[in-house]
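Chains as they are written, first to last, in the working numbering: chain X, 3 to 341; chain D, 3 to 341; chain G, 3 to 341; chain U, 3 to 341; chain L, 3 to 341; chain A, 3 to 341.
Check each hint, because a few of them may be wrong.
Identical chains blur together in the list; that is why a pair holds if it fits in one copy or across any two.
Once the Cα atoms are required to be at most 27 Å apart in a straight line, the calculated DSS-like pairs of lysine-lysine come out as [claimed, not checked]:
| hint | residue 1 | residue 2 |
| --- | --- | --- |
| 1 | K113 | K328 |
| 2 | K328 | K171 |
| 3 | K113 | K232 |
| 4 | K232 | K328 |
| 5 | K171 | K113 |
Simulated from the structure, these hints should not be mistaken for lab results.
There are 6 protein chains.
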Amino acid sequence: MAPVALAPSPITPTVDFDRDGVQHGFLRLPYSRDDSAWGSVMIPLTVVRNGSGPTALLTGANHGDEYEGAVALFDLAQTLTADRIAGRVIIVPAMNYPAFQAGTRTSPIDKGNLNRSFPGRPDGTVTQKIADYFARELLPQADLVMDIHSGGRTLDFVPFAAAHILPDKDQEARCFAAVAAFAAPFSMRMLEIDAVGMYDTAAEELGKTFVTTELGGGGTGRAETIAIAKRGVRNVLRHAGILTDGLPADGRAEASRWLDMPSGDCFRFAEDSGLIEACVDLGQPVRAGDLLARIHPIGRTGLAPAEYRAALDGILAARHFPGLVKAGDCIAVVGTVES
Amino acid sequence: MAPVALAPSPITPTVDFDRDGVQHGFLRLPYSRDDSAWGSVMIPLTVVRNGSGPTALLTGANHGDEYEGAVALFDLAQTLTADRIAGRVIIVPAMNYPAFQAGTRTSPIDKGNLNRSFPGRPDGTVTQKIADYFARELLPQADLVMDIHSGGRTLDFVPFAAAHILPDKDQEARCFAAVAAFAAPFSMRMLEIDAVGMYDTAAEELGKTFVTTELGGGGTGRAETIAIAKRGVRNVLRHAGILTDGLPADGRAEASRWLDMPSGDCFRFAEDSGLIEACVDLGQPVRAGDLLARIHPIGRTGLAPAEYRAALDGILAARHFPGLVKAGDCIAVVGTVES
Amino acid sequence: MAPVALAPSPITPTVDFDRDGVQHGFLRLPYSRDDSAWGSVMIPLTVVRNGSGPTALLTGANHGDEYEGAVALFDLAQTLTADRIAGRVIIVPAMNYPAFQAGTRTSPIDKGNLNRSFPGRPDGTVTQKIADYFARELLPQADLVMDIHSGGRTLDFVPFAAAHILPDKDQEARCFAAVAAFAAPFSMRMLEIDAVGMYDTAAEELGKTFVTTELGGGGTGRAETIAIAKRGVRNVLRHAGILTDGLPADGRAEASRWLDMPSGDCFRFAEDSGLIEACVDLGQPVRAGDLLARIHPIGRTGLAPAEYRAALDGILAARHFPGLVKAGDCIAVVGTVES
Amino acid sequence: MAPVALAPSPITPTVDFDRDGVQHGFLRLPYSRDDSAWGSVMIPLTVVRNGSGPTALLTGANHGDEYEGAVALFDLAQTLTADRIAGRVIIVPAMNYPAFQAGTRTSPIDKGNLNRSFPGRPDGTVTQKIADYFARELLPQADLVMDIHSGGRTLDFVPFAAAHILPDKDQEARCFAAVAAFAAPFSMRMLEIDAVGMYDTAAEELGKTFVTTELGGGGTGRAETIAIAKRGVRNVLRHAGILTDGLPADGRAEASRWLDMPSGDCFRFAEDSGLIEACVDLGQPVRAGDLLARIHPIGRTGLAPAEYRAALDGILAARHFPGLVKAGDCIAVVGTVES
Amino acid sequence: MAPVALAPSPITPTVDFDRDGVQHGFLRLPYSRDDSAWGSVMIPLTVVRNGSGPTALLTGANHGDEYEGAVALFDLAQTLTADRIAGRVIIVPAMNYPAFQAGTRTSPIDKGNLNRSFPGRPDGTVTQKIADYFARELLPQADLVMDIHSGGRTLDFVPFAAAHILPDKDQEARCFAAVAAFAAPFSMRMLEIDAVGMYDTAAEELGKTFVTTELGGGGTGRAETIAIAKRGVRNVLRHAGILTDGLPADGRAEASRWLDMPSGDCFRFAEDSGLIEACVDLGQPVRAGDLLARIHPIGRTGLAPAEYRAALDGILAARHFPGLVKAGDCIAVVGTVES
Amino acid sequence: MAPVALAPSPITPTVDFDRDGVQHGFLRLPYSRDDSAWGSVMIPLTVVRNGSGPTALLTGANHGDEYEGAVALFDLAQTLTADRIAGRVIIVPAMNYPAFQAGTRTSPIDKGNLNRSFPGRPDGTVTQKIADYFARELLPQADLVMDIHSGGRTLDFVPFAAAHILPDKDQEARCFAAVAAFAAPFSMRMLEIDAVGMYDTAAEELGKTFVTTELGGGGTGRAETIAIAKRGVRNVLRHAGILTDGLPADGRAEASRWLDMPSGDCFRFAEDSGLIEACVDLGQPVRAGDLLARIHPIGRTGLAPAEYRAALDGILAARHFPGLVKAGDCIAVVGTVES
């Protein structure tokens, strides 16, 4: 059965992807609404091109409240010049731009979680239209794809770059080489259980070299984590032969520690709502049975808090960020590290 | 002219402040509203009393999104026993309880900033009624008053305990002795420029020994900062002779560094809105002229960020927390430290 | 010292209070706002006059979600003719009209609880302006004032008419004679503890004969309770010699049972939030110690509900209406009845 | 053509349905959102099992503002012990748990009406995911299915248990036997015109014995209607041989009156918005032509109300609950009763 | 492959389309929601019929904030009598009635843009259900279809009637004859690039004579533009032989100027947000390179505004209406006019 | 009795009002809130000074949805140079800046109508603090005060400049001379009935030459009305001897028509809600008894509209703008013009 032909994307770029030099422009996505009948979402992007080499597609703010990637890429877009590269760099600092403007994980327009909206639809919601444009127009043009995440307002992570375990071992090797080049404090090998709707999957299924990260969280960017992002982006571009500034890699890949989340036991979910008392900080070692956090009921004083303990040995790799917690929230992730 | 007699407070406590032992109860504040015609705000509190010694009044969540104090005090309320004290401890873990439940700085009921609502009014808004009850009923019963703040969701601080420079030098000395007993990593001597409406002022004007803190921020509590709060509370209670558990102070007061914010030059306010790039992290040294942060415009790529630099030497003592910033936000505070 | 002269009310009536016959019109209250720069609140009213006899001022929906009075008075306004009266009847079926339109206790404009806003202010909020107009313009014109309440969306009452115990015993006698004339199933003698801001007080302080009611609740009107309101209004107007239709009173005053709420023990407040299980229905007898209601925690199954019991003998006179309850809500009122 | 294989449900139970004894736990439904990136909806449930007998699946709050079922089932979950049953009872007191927490008919997350969302989708909205889990995981495990409804905040019903007229007359007979066992004041035989999306249909299509109810409404539960629910649940479990406490049925099935809604003429819809004047109360007899309700325009006084009359003889079986009504609302349902 | 049979529409008309005379009634669309479990959307309509002649289907407020059509059609519905017509006129003054009540372009219920929702779905959202009813029930009954648009709150147009360039040239000729009969100040020949989801397309695909308009905008109706609508509707009905009042056409078709928007260069989109300074008014001539508008940044004073210029010669045919503009908004449309 | 000393304003300007040259800066108003604990409102302003001549204080967007003044003043601030003036010009293009950013009449922070908030309070709401700063800091520095209004989103006016009839006839003459210099199409002599809280009054009571305007409305600015504002501002500055560019006045004062609103009969208020049908456009002549507008009920078709007629001869000077109208809205103002 022949596949149904999809309509063309409604998104119009204001740049020419095939022109040499630096162009700053927009992806214009028509969006008719109560406060603008003929309005559009304008997603800023920069294209830097110098001849016919490989293409890197760099994105931040896939979730709108994750800032390290957005800072690193607004910075790169403003400073990168064509004479320092070979090939092409496409920079979209804030992929889910409506969410980024609002400072929220999902889009305020349609509540869309962009990283669960792939492959998208040209006639769908605004978020689905963005996904469709990346899936059908931008990803096919790329060789290297880097999508920079952090934990957002409600999670905090130790900083790591990561790639997935893939059926194509050659592709997998390319991805992990890029992860190593990124040279974050931690590096991670991920086995995706639930890959439905992810940008990662869309890129990987097209055979691209795909790198992602988690570089912090809490809805802020610290000087340290922003520096990791800025360095990592340049390191990977140098590794790919696109950035040709002749500088050495910044930071040594060997210093990165390999992190793993081997099973569902890594994750602790709250069964209680209340005030969370963190008992371990990110990166600290824990042993099975150690107290990770306590949840105090807030309706009265004098009640005993609920206790949540580690199910395996490792380090605290991620944690619930806000001071209040609801039943069902993931409160802690314990990862294992290679000794 | 005789002062106007204020009406009695509408708040009713469900505990007897003069009874020995541990009591867990509420301050019940009648609040008629659309979803409960005869409803009330119920503010949890605990009173622990053992004889006729001095009274400590301990509060957290004066701003609803500050968590170290609330955790330390829910914990204290649940674990403190009368046999370990001499005198009385009144514990209100979440002073602006409606704000605390909502996880917001101000009250969702009336947008009241409790720490700018003193001395309050018995016939005012809910927040003003809380202020009035503390000002007229609880503060007069206390000898020692400790109000534990953090930066909340939008600011982050290096952890310090603090007291104000006061006209009564004897009172001031009592306050700074309590600050030293708290033994936070930093200690601070504050000259309040604008004391209008503050709980601090209400307590100080009654001659009380008053200690406050800033112990972190960002709308979370870390294991480290929560531990500082828990230790500090007990240290001060021991110092005051109320906690009589015979244990030594936890942490040495001498290790605390004295921090100062000598002038308006300490504070940097944004004149631009956009994406903030932190260039220094909390506690790091800065010199006058150093770049503290940059603000990237987010409407387009390719524009130069605005730069914000330090006006004096010191350490980064506080910073804007969220990744996005609005013109008018305080983005950084440089404090000076005693060498 | 001379009192400060208040500005005139900004409210303009579109009727002439001194003209004979039936007039349907409005109280026009200018209200500038985002969606109407030169807008107004229009409060419907009817004036029926026949010569120079006494004036009755009849009001409903003082709280906007109480319906028996509004129905009885829209009905009376539409059917009363001047030839059937002697004197004057001023009918305002929905006193807090913005709240009534929204179906809420308080005004959606300013959250004002009209019955706690007296004596009001001519330069205050919309709700305060309504209070001021009644206090300074309508009450002084009246001899008999009847304000018909019910429990609203969140409370439910056994149906009663009521008046206050007053220092002027002659006035008090006039009030209770009118209560008896109303002939509701229950009648009540109220000692107001907290009279601040009430319409009742504003009327009583001017020496008026004042009657109020609670006729049901839950945000609905039943055929039975609406009929009580319609009969009661006419009964009182006949009693006052204003309605001269020659018909006898509808219902016998002797059949009404006298209800009392002698102390604070009548009221039970929730200390728990959750799902309420009513154990007694309105009007049923209870004895001290009887279970009135249970509150089930809803975060988990398997937890024991909290129990709330009667503190004295009587009947269940009022109860919390919604299926969910919050800590601080009044869940039950036990009243005593004359045997 | 082979059906498309559905993805597995994302919902994880924290209980083991095949284990004997009492287990209190949750259905955990992952739900990523702005205020919790890795959050979940936690739906409380209880499983009581004693050997290999039949399974009853009991649910309340399919619509979140219906309380009799939720109270009866939280109570049953807390009190039922394994030794008093043979087989298994699965109790979900609040099926559309997000709606139940909010006190609304539909889910605050996605506005989903759960009872119109079947068979659901594993990759759909939160409400569709709940429907899918019941359709594919819980219903197949059940023999007897009881879903306890009331009218919710906007409708009020005379209390009845009901089942549908079904093509499989044997199944139909089982259902009506269970209805009779419930022994509500009224019992009803329903011919579903529009069965699309209903839980009822999903259960019936799997051949289950299905009973439903309408036990009151208005967003409250009265002591009387809660008692009907508690008795009815136990009566049906005894009838099914699952509850083996040896007690007799509570209430006699013969006392229940059979109710019918034979045609569209039973339903009266408003063509006017305004203030509703109920003229008949629930359960009262009406004859064709009788006035059921009047709607008063609220924009002015002095206008005649619109009248709504019965189209056939019967009793008032249901009515619009709030005091205000909008054009299009169903204001009254007249049912016929067997003499 | 046989098409999937759609379910019947849930919409019930309260009028009989085949009865002679004037009927005022509703399309009743059941809509269960939190504030009315058994509620409906009631869309007013009028049917005037006199024998078996052709049928005109007239609609306004397809977008809820467009007023000329709604005024002309409420007026026509109230004044048209059966004796002045031959055939049938179906009048729906406010097609997307929930949007019209709210004064918004899209439906407040589901954010549906009705004119992008065709052919709709009987089991979809409220807006999709309206589309489906028009597509399957009303359009098939019509010969002539007129849908009266304006610019809404955010756009303003010179007044024109329009039809599409169609593959069936006979149908096209019928449409343009009707446009000419309308006799608006401007007339337009449109080549639809993106016809997906439009009512226009649904009507044209059924072979109907279809006329549309843009008659002003800004969320208001002026006396002049309302008069154009009222005249145009009657002119077209006379042209179609349905209005048989014997009056001549009001206004001369020859006076209308033919307007064209030949390419994408007609449209100017904002790349900046800020305060818009209109430099040309509607209907004024412009030449390529002329300044159309400037956008002033509002974050500071002293910054140069961005300039937007015409790309071709013509007149200003449409413009952004609100004083503030967002990046992505269409700020001006230049149309060409036949000399 | 000595007046109570007011606290100093919390507002800090970032410019030096006494320095020669052009300065672009802000009024920084500290505003602590949930999304910025140490945030501020930043109100842009420009000061241009050349020596010691008179000072003009120019303001727009006193109501946030009025655009002609804001455009003219952002433009003036960006283009005015010190060498073209003698004295000083203080330009605040958007006086109620939070309202201006939101595009609303009143402040989104506190719903404050700035032009009804004078003299303001230094410890009040944000809007009251702005008023206080103008009243106590800026007005005293000014000789000439010009505040440029339009109708905003909900009203539309014929364009006029205006001043008040004042007790000081010399001051009044200065004001009207400035009005004449403005040279708008209409000029108006206003007798303020209700001057409470107005900026106008605050300026006039200090003896300043005060000019105001109404230059259009509907929440937009047309090229024509913006040009009137830009010309008028420069005309008045030339008239005052501050703008010394040697150019002649733009437009002739003699061409302006003098407009009057002599009594309450000029104003027509709606007693009905619905769809408004404008029958006269702005500037058109009307005679007493002429139909100004009709209001169509929208709940049904077939009902007669309510008619609103002129009470005196004149021109239509202002009108309700939105297509829907609520009871209480001012729908039309008839002004008289000098022949």
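Hints, one by one, checked against the model:
1. K113 to K328: Intra 20 Å, inter 21 Å, cutoff 27 Å: intra and inter.
2. K328 to K171: The answer is neither: 40 Å in one copy and 47 Å across copies each exceed 27 Å.
3. K113 to K232: neither (29 Å within a copy, 39 Å between copies)
4. K232 to K328: Between copies only: 23 Å across chains, 34 Å inside a chain, cut-off 27 Å.
5. K171 to K113: neither (36 Å within a copy, 45 Å between copies)
Checked against the numbered hints above, the structure breaks hints 2, 3, 5 and satisfies the rest.
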